[in-house]
Each structure stands twice: as structure tokens, then as C-alpha cells.
Amino acid sequence: MHLQRQPLKPAIEPKEATQSQHPICDAGAGKMGVSRLPSAALSLKQFLQRQRVLGIYRNMIRTIRKVPDEADRKYLSDWARDEFKRNKSATDQDAIRMMITQANNHLEELQGSLALAGS
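Under the working numbering, the first residue of the sequence shown is numbered 3, with each subsequent residue one higher.
FYI, nobody ran anything at the bench for these hints, they're computed from the structure. Among the clues, some could well be false.
Said to hold, decoys possible - Pairwise CB distance ranges (calculated):
1. Ser-45 <-> Arg-88: 34 to 42 Å
2. Ala-43 <-> Tyr-77: 33 to 41 Å
3. Leu-44 <-> Glu-111: 12 to 20 Å
4. Ala-42 <-> Gly-120: 39 to 47 Å
5. Val-36 <-> Arg-75: 44 to 52 Å
6. Gln-53 <-> Met-100: 15 to 23 Å
Said to hold, decoys possible - Mimicking DSS-like on lysine-lysine, the simulated pairs with C-alpha atoms at most 30 Å apart in a straight line are:
7. Lys-47 <-> Lys-76
8. Lys-47 <-> Lys-87
9. Lys-87 <-> Lys-76
10. Lys-68 <-> Lys-87
11. Lys-76 <-> Lys-90
12. Lys-68 <-> Lys-90
For glycine and all other residues, C-beta sits at the position ideal for the given N, C-alpha and C.
Construct all of the structure, not just a fragment, from the sequences and the given hints.
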């Protein structure tokens, strides 16, 4: 006896292949030359500058944690947080470079004061 094979039917019906259901694949579909990055994406220079500022902030907070007096520590951490928040929306590159220089100077001064106090 010879059995006749029936064609297998897929368990799930395939969707039409006209458009992808994946948002990343659709982001630039049919638009040659259009960036898929969000409009608020930072340039490489801005990204590196942001990383530098965040590094200074982290170092400042780490240094402030070493201040022995609790009241001074609170004052300095509030001051640092307020200064960085106040200047968060700055866009002028010259002003930002100046603020980075000032923050580095404040950090070095604080580290020097703590070194003198510890010796």
C-alpha cells in the first residue's frame, strides 16, 4: 500500500512580507541618506565633553566625601550639585570650556586642602 503525502501546512500563517513589524528595521526603510539617530543625538565632540564633565563631577563628589566635617561636606556637595545643575543647559562651547577649567581648579584646590589637613 502506498500512502500519498499531503503538503504540510505551516502552523502559523505567514504575514505578508510587504512591511517589517520591527521598529528598528522600519526606521529608515525607503529613506536613503536619512539618519536613524534621534534628532537630539550628541556629536562625538559633545559626547566626549559630556563625559569629561561627568568625570569631573564624580571626582568632585568622591573628594567631598573625604571632608571630615559633616556640615562642610553637606555644604560642598550641595554647592557642587547646584553648580552642575545650574550649568546643565549651557551650549556655548567657550563658556563650557571655561566652566570645565574652573571646575578642575576647584577640584584641585579641594584635594590640596584635604591633603594639607590630613598631613
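Check your understanding: Which earlier hints turn out false for this structure, listed by number in ascending order?
Key -> The structure conflicts with hints 1, 3 and 7, although it agrees with all the remaining ones.
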